[in-house]
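**Q** The chain contents come next:
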Amino acid sequence: MVRLFISGFGTVGQGLVEVLKRRHDFFENRFGAQPVVVGVIDSKTVAIDQNGLDMDAVVARKTEKRTVSDQTYSDSVKALDMVDYDILVEVSPTNIKDGGTGLRNITHALECGKDVITVNKGPLALKFQELTDLAKRNGCKFRYEGSVGGAMPIINLCHENLVGENIRSIRGIFNGTCNFILSKMDNGQPFEQALKEAQQLGYAETDPTNDVEGYDAATKVVILANAVFHRNVTFSDVKITGITGITPDAIAQAAAHNMVIRLIGEISETRLEVAPRLIPIGHPLSIAGTLNIAQIDADLAGPITINGRGAGKIETASAILSDLIAIMDVRE
Amino acid sequence: MLLNAELYVRDLPGQLVGSLEPISMVDGNIIGVVHDREKIVNQRIMVSVTFEVKNSRKLEELKAIWKSKDIIISKMGSVYETVTREFMMVGRFNATYIENLIDEASRIVKLESTDIGYSSKNLNSDKRTAMITAEVRCREDLDKLDRFFSDACEKDDMLYIRGL
Numbered sequence: 000m001v002r003l004f005i006s007g008f009g010t011v012g013q014g015l016v017e018v019l020k021r022r023h024d025f026f027e028n029r030f031g032a033q034p035v036v037v038g039v040i041d042s043k044t045v046a047i048d049q050n051g052l053d054m055d056a057v058v059a060r061k062t063e064k065r066t067v068s069d070q071t072y073s074d075s076v077k078a079l080d081m082v083d084y085d086i087l088v089e090v091s092p093t094n095i096k097d098g099g100t101g102l103r104n105i106t107h108a109l110e111c112g113k114d115v116i117t118v119n120k121g122p123l124a125l126k127f128q129e130l131t132d133l134a135k136r137n138g139c140k141f142r143y144e145g146s147v148g149g150a151m152p153i154i155n156l157c158h159e160n161l162v163g164e165n166i167r168s169i170r171g172i173f174n175g176t177c178n179f180i181l182s183k184m185d186n187g188q189p190f191e192q193a194l195k196e197a198q199q200l201g202y203a204e205t206d207p208t209n210d211v212e213g214y215d216a217a218t219k220v221v222i223l224a225n226a227v228f229h230r231n232v233t234f235s236d237v238k239i240t241g242i243t244g245i246t247p248d249a250i251a252q253a254a255a256h257n258m259v260i261r262l263i264g265e266i267s268e269t270r271l272e273v274a275p276r277l278i279p280i281g282h283p284l285s286i287a288g289t290l291n292i293a294q295i296d297a298d299l300a301g302p303i304t305i306n307g308r309g310a311g312k313i314e315t316a317s318a319i320l321s322d323l324i325a326i327m328d329v330r331e
Numbered sequence: 000m001l002l003n004a005e006l007y008v009r010d011l012p013g014q015l016v017g018s019l020e021p022i023s024m025v026d027g028n029i030i031g032v033v034h035d036r037e038k039i040v041n042q043r044i045m046v047s048v049t050f051e052v053k054n055s056r057k058l059e060e061l062k063a064i065w066k067s068k069d070i071i072i073s074k075m076g077s078v079y080e081t082v083t084r085e086f087m088m089v090g091r092f093n094a095t096y097i098e099n100l101i102d103e104a105s106r107i108v109k110l111e112s113t114d115i116g117y118s119s120k121n122l123n124s125d126k127r128t129a130m131i132t133a134e135v136r137c138r139e140d141l142d143k144l145d146r147f148f149s150d151a152c153e154k155d156d157m158l159y160i161r162g163l
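Protein chains in written order, with numbering that gives the first Met the number 0: chain A, 0 to 331; chain B, 0 to 163.
Everything labelled a hint here was simulated from the structure, so no lab data went into it. Small disclaimer: the values here were computed from a predicted structure and weren't measured. One or more of the hints may lead you astray.
Below, computed lysine-lysine pairings styled on DSS-like, alpha-carbon distance capped at 27 Å [as the list claims (entries may be wrong)]:
id, chain 1, residue 1, chain 2, residue 2
1, B, Lys53, B, Lys38
2, B, Lys53, A, Lys238
3, A, Lys195, B, Lys154
4, A, Lys195, A, Lys140
5, B, Lys126, A, Lys238
6, A, Lys96, A, Lys183
7, A, Lys183, A, Lys238
8, B, Lys53, B, Lys68
9, A, Lys64, A, Lys238
10, A, Lys43, A, Lys64
11, A, Lys140, A, Lys312
12, A, Lys238, B, Lys57
13, B, Lys126, A, Lys183
14, A, Lys96, A, Lys140
15, A, Lys238, A, Lys43
Here are a few chain B residues that face chain A, going by a calculated C-beta distance under 8 Å [to be verified]:
id, residue
16, Ala63
17, Ser67
18, Val78
19, Thr81
20, Glu85
21, Met87
22, Thr113
23, Gly162
24, Leu163
The beta carbon of each residue, even a glycine, is placed where N, CA and C say it ideally should be.
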């Protein structure tokens, strides 16, 4: 029986609970047992049960009272130590300034010899090398598929299916919010109006800085550079240009040349950047809407294009599920 | 060497083949042929051929064979492969600024051709957009051009958007 501790119980944490329920028969058939959630923390409270929490009750309480229990905590690391678990699933909100609680939780779990699955981009963008080294030293599995492109399988694809390839570059759209805004601008809407619509539809935060200034896409570029290209880079190494300076004139000029403007993240031996680029209409990277897409240039296979939903409750949880199964397969 | 030649051959049966055979005789490779029967000068018809030969010694051999077969070479030139990329700049500038930028760029790389398009004046914004389409001979030159434009935009506080 694998015991999970879920750190962060917002959309993605609750999505994971739903996905585990939906895959009940799958776990039964493959492993003969269900993964059990023995601990959950949100930003203020902690719920634990060494025999396994009643997750329907935890979700219901979170929905009703916005907390997972009455028990508050002051230090998330101490909350993690309140129960014995095998895998930490770290899905607390991303903090790209200092990694925040997520970085502390992941570090502590790895130091304690626990396996870790995360979709939290902050710790990976800031301390990738330190965390992977720590995991290696302590013999822990450390997986983070959902941190780039949500449901779009890119990291495990490169690590597993393309393991024999020399990957020369990855170029892609790694922020669905920016792509939604730019797609709307293609149709004549000004930036401010397109942003407002993205906020109303829930694609953009009230403070959209991380998205529109390219910071969110840059965190994913850092993760791919480290994970796929084995570079030792951090957030500050990425050359970042956002989309706020793109004018309707620029969009019209591009259209006159049968092109669109898209915010592209690019990683290669010589380039590490996020910037608006001119893309010919019909090129895979000219995709419209909120989808994420990546084009991998491999020396033997040539260009491989993948796309998928970059965010969403169940979509992101699906990436966590694939990491969980991979770890459980090894533990078996 | 990739070359293009404009030949004039006598308007007689077998002359077209006769003008192309020498290319094979010097181990060359024919890429394309246009046989223009409407372009007749002094009872000769024009044959435009694009071909590859290994080196200039082989080319001289070929020219000698053509001459011995009474084939007139009216034009001969090298054909280069070129690469093109678009570069967009958004900011406060005038046409002279962009033209000076292109002049400076042409001192760094050999520009085969450039095309510049500007957005029309916009009452809502004091920013303009320039779209430069540049054709150069190799990818290395494109990268040099990219670095040059990128540095210029950073220095002059303009948004720089380049093609893939």
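**Q** Take the hints in turn and mark each one as holding or not.
**A** Consistency of the hints with the structure:
no.	hint	verdict
1	Lys53(B) <-> Lys38(B)	violated, 30 Å
2	Lys53(B) <-> Lys238(A)	violated, 44 Å
3	Lys195(A) <-> Lys154(B)	violated, 32 Å
4	Lys195(A) <-> Lys140(A)	violated, 41 Å
5	Lys126(B) <-> Lys238(A)	holds, 23 Å
6	Lys96(A) <-> Lys183(A)	violated, 30 Å
7	Lys183(A) <-> Lys238(A)	holds, 25 Å
8	Lys53(B) <-> Lys68(B)	holds, 22 Å
9	Lys64(A) <-> Lys238(A)	violated, 43 Å
10	Lys43(A) <-> Lys64(A)	holds, 12 Å
11	Lys140(A) <-> Lys312(A)	holds, 24 Å
12	Lys238(A) <-> Lys57(B)	violated, 50 Å
13	Lys126(B) <-> Lys183(A)	holds, 21 Å
14	Lys96(A) <-> Lys140(A)	holds, 25 Å
15	Lys238(A) <-> Lys43(A)	violated, 36 Å
16	Ala63	violated, 44 Å
17	Ser67	violated, 47 Å
18	Val78	violated, 25 Å
19	Thr81	violated, 17 Å
20	Glu85	holds, 5 Å
21	Met87	holds, 6 Å
22	Thr113	violated, 14 Å
23	Gly162	holds, 4 Å
24	Leu163	holds, 6 Å
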